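J.: As a plain string of letters, each chain reads:
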Amino acid sequence: MAEQATGHGGRLVGRGRYLYAVSRGLPSDALADVPGLGDGRLEVLEHQGLSAVVSDVDLEEYGEEGLRRNLERLDWLEEVARRHDEVVHAVAEHGPVAPLRLATICLDDVGVRRRVEEWHDALEQVLDRVDGRSEWSVKAFAARAEPQPAASAPAGEGEGGAAYLRRKKAETLTRAEGEEQALKVAEEVHARLSAVSVASRRLPPQDPRLTGHVGTMTLNGAYLVDTARADEFADAVRAAQADHPEAGIDAAGPWPPYSFAMLEQP
Amino acid sequence: MTDASGPVPASRPYSGPVGERGSWGRPQQPANLADILERVLDKGIIIAGDIRVNLLDIELLTIKIRLLIVSVDKAKEMGIDWWRNDPMLSTSEQGLADENRRLRERLEELESGEGSSQGG
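Residue numbers (our numbering), protein chains in the order written: chain L, 16 to 281; chain D, 2 to 121.
Just so you know, the hints here were simulated from the structure itself, not pulled from any lab data. Heads up, a few of these hints could be off.
[Stated by the list, open to error] Pairwise CB distance ranges, derived in the manner of DEER restraints:
#1 Ile47(D) to Pro50(L): 24 to 32 Å
#2 Glu76(L) to Arg107(D): 26 to 34 Å
#3 Arg53(D) to Glu195(L): 17 to 25 Å
#4 Ile47(D) to Arg182(L): 50 to 58 Å
Keep in mind it's a predicted model, so treat the numbers as computed, not measured. Cβ coordinates follow ideal geometry from the N, Cα and C atoms, glycine included.
Please construct the entire structure, taking both the sequences and the accompanying hints into account.
T.: So this is what it looks like as structure tokens:
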């Protein structure tokens with residue numbers, strides 16, 4: 016149980032309640048085998064027909080001060096992000112899930128119940144929207160411009176300055192055309208996948224330093240797909256991959272519907 | 002045009018080839034860290050808890066991640082852990098505002114004209 020006390024300098028010490036996700040009709044033992052953050056035990060808090068998934072966390076680590084410090088540590092962040100995501104996935108195995116943003120923390124169960132009450136209708140709407148659906152991520156890339164083959168320079172022209180400039184100009188044109196073409200491909204792929212999705216959105220391209228990809232990410236799409244139409248969506252991905260082998264189209268999923276679980280602000 | 006000329010995305014399918022299973026089984030390999038952070042930090046439901054996390058901090062962190070960090074997995078594979086000592090990545094009160102501004106400018110540069118429509 017959460018209990019807290021005020022320590023030195025008014026700082027909160029003790030335990031808080033970390034809120035991972037909200038679902039409904041979640042059996043109380045559904046998550047018995049799934050570890051929470053810091054290997055804490057996951058609990059299902061039933062309130063007003065909604066199931067809030069929580070676990071105890073140490074406020075030394077997850078209090079305002081601790082979070083400020085820890086969020087700057089990538090190893091800490093990665094561990095928490097992966098664990099949070101694993102819990103959300105586990106909830107999704109049992110029913111519709113409304114994932115909460117990382118580090119949503121209340122002081123006690125009273126605080127959790129209060130949030131469920133405040134946001135009850137909006138949460139219900141989100142759960143209705145995502146029920147029986149999951150998210151897929153599809154990315155496409157523009158290949159890095161390749162050096163022009165030497166064959167494109169007419170023989171006997173020599174390596175004079177003019178020839179060099181002509182070659183450079185041709186390369187630039189080719190690169191621009193290539194980029195334009197790659198963006199068109201991304202549009203087209205997005206349209207095709209959107210047609211077999213309930214909803215879709217394009218997220219900002221990811222930085223190659225974070226993903227390690229080569230070339231420019233031209234499409235970072237998120238698609239909310241009916242489970243009943245998952246095969247159709249997979250076919251559409253495969254067709255796009257076959258039509259555009261150069262775009263390195265990469266599909267990942269199913270994800271819990273993170274990108275489609277926004278609350279309508281009251 | 003051959004397959005070999007295409008890019009080699011580092012992100013792998015989350016759970017095997019698309020369409021092989023429709024269930025919520027455990028992923029066979031860890032998802033791309035960029036995909037996870039993008040979702041758990043930027044997406045999902047925002048409800049203010051009792052512990053107030055400074056949004057600016059998270060936003061700043063996300064920007065830093067987008068710009069500066071290679072995936073932890075990848076870095077570990079390559080045997081580097083430079084971020085532990087990177088002054089940009091350890092909190093220093095000093096110069097944080099400047100850094101914030103620089104990062105925002107850089108992010109705007111990167112994101113301008115991308116035509117990404119962020120609905121919702």
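J.: Can the suggested window of 24 to 32 Å be confirmed for the beta-carbon pair Ile47(D) and Pro50(L)?
T.: holds (25 Å)
J.: With 26 to 34 Å as the target window, see if Glu76(L) and Arg107(D) comply at their CB atoms.
T.: At roughly 31 Å between Cβ atoms, Arg107(D) and Glu76(L) fall inside 26 to 34 Å, so the hint holds.
J.: Determine whether the Cβ-Cβ distance between Arg53(D) and Glu195(L) falls within the hinted range of 17 to 25 Å.
T.: violated (46 Å)
J.: Quick check on a hinted range of 50 to 58 Å for Ile47(D) and Arg182(L), using CB atoms only.
T.: holds (53 Å)
Hint 3 from the earlier list is the only one contradicted by this structure; the remaining hints agree with it.
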